[in-house]
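**Student:** Chains A and B, in that order, give the protein sequences.
Position 107, counted from 1, in the first sequence is what UniProt numbering calls 107; the numbers after and before it change by one each time, with no gaps.
Position 55, counted from 1, in the second sequence is what UniProt numbering calls 55; the numbers after and before it change by one each time, with no gaps.
It is possible that part of the hints are untrue.
Said to hold, decoys possible - Derived lysine to any residue pairs resembling SDA-like cross-links, with alpha carbons at most 20 Å apart:
#1 A:LYS194 x B:HIS188
#2 B:LYS107 x A:ALA167
#3 A:LYS40 x A:VAL111
#4 B:LYS107 x A:ARG198
#5 B:LYS23 x B:ARG97
#6 B:LYS194 x A:PHE191
#7 B:LYS107 x A:PHE169
#8 A:LYS107 x B:ARG170
Please keep in mind that the hints were generated in silico from the structure rather than gathered at the bench.
Protein chains: 2
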Amino acid sequence: MNDQHIASAFDRDLEEIQAHVMKMGGLVEEAIRQGAKSLKQRDEELAEQVRRGDKQIDAMDTLIQEECARLLALRQPIASDLRTVLTVMRIAANLERVGDYAKNMAKRTSVLVHMQPIDGASGAISRMSKEVQLMLSDVLDAYIRRDEELAQDVRHRDIEVDQMYNALFREFLTFMMEDPRNISSCMHLHFIAKNIERMGDHVTTIADQVIYLVTGELPDEARPKGNAVNYELPTSGV
Amino acid sequence: MNDQHIASAFDRDLEEIQAHVMKMGGLVEEAIRQGAKSLKQRDEELAEQVRRGDKQIDAMDTLIQEECARLLALRQPIASDLRTVLTVMRIAANLERVGDYAKNMAKRTSVLVHMQPIDGASGAISRMSKEVQLMLSDVLDAYIRRDEELAQDVRHRDIEVDQMYNALFREFLTFMMEDPRNISSCMHLHFIAKNIERMGDHVTTIADQVIYLVTGELPDEARPKGNAVNYELPTSGV
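Only chain A is shown next, with the shape it has when bound in the complex:
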């Protein structure tokens, strides 16, 4: 009876935290979308909004980390409940990093609007950020539905983002060699592309965490061998 009571109190608390993770994920998605839009439309004001908006994302991360710490202290979860709480903390930390990269994208947009535009670059960056944003949307779905297959799908799509980045890298090199006046803007655009590629890496890490949550194991490539984690209490004395 008491166990039952504790379990459902834990579930209730966790549900509240998960709602915050989803809200945070929505804010990060929006930051990517608006960050890419501000670059494409050379909209300095929108870029400034994205930069300011990152404070809210950071605050959500702090809130979720606090709530998880409090949940650990209050409910003292073990086994899969403990795993869930630690996973939620990691997912929030990764979302925070993606938000940081979106902020950095907006920062460089504020510089780029004062430079000569590079033909085609903002379109390619826009497609790349669109893909990462969809991956993020899907990984949040996978998280809430505990959908391993969808999480695996997200992991595989990161390869495409890496390929898009590599193609852009070569393109920027060509632009710079063709005309030295392109160098400054290409340096900034290249950073934006790299930041988006890193967002993809963090979304992939979230996908790894979702897989871990569902199966109890990280994907093979995500971690060195011997990573089976035992959160159970031993049957013998402590």
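Position chain B against the provided structure of chain A, taking the given hints into account.
**Tutor:** Only chain B this time, still in chain A's reference frame:
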């Protein structure tokens, strides 16, 4: 009596984990040192060693995360003990990221050795990485001695690293504009410089965590307002 027993078992477990954090920190310091050396001396074999060595750093992070999770499950710490365990997890995660950046530095070294060297660049990068490596060494000292002042000092030194990066950025732009044949190598060198600057950011985050560990509060600039975390159990019923 029983409380006493539990407390000292916790301390013993924690000490073991902290020894692993220090070992991991030592590996990361060495990765920065050797990564910078491989770049300066154009030593492809050493770069390859640094790349391979990152697996061990990742494995240490996994080990520490597991040990902390097990400690949470077994000892069910609350209040400042819980804070300590969560802080250790964050410190290890940040060390892992610094190790990743050292690996990336070594990766690009392997490409750069086949290109025309850029005068003066590797010296500047070497000084920058030396500074970050010293910051890391100091922050690990600050962690083990619970030395808030030293942690604050590390935070302030990150400003110098940022300034070094900014100076290098301008230098690379000049090199590229002077001679388009410098563009490829400058793009790679610029990334290395940016990676070292990011290492500095992660070391600063570790310093924040040390300050949090000692004082119970994050430095003002590190976090949005309202971040006082309450890990105590409430006096009223759960």
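**Student:** With reference to the structure, classify each hint as holding or not holding.
**Tutor:** Outcome of the hint check:
1. A:LYS194 x B:HIS188: holds, 12 Å
2. B:LYS107 x A:ALA167: Given pair LYS107 (chain B), ALA167 (chain A) holds - Cα atoms ~19 Å apart, limit 20 Å.
3. A:LYS40 x A:VAL111: holds, 13 Å
4. B:LYS107 x A:ARG198: holds, 16 Å
5. B:LYS23 x B:ARG97: holds, 15 Å
6. B:LYS194 x A:PHE191: holds, 10 Å
7. B:LYS107 x A:PHE169: holds, 16 Å
8. A:LYS107 x B:ARG170: holds, 18 Å
Of the hints listed earlier, there is not a single one the structure fails to meet.
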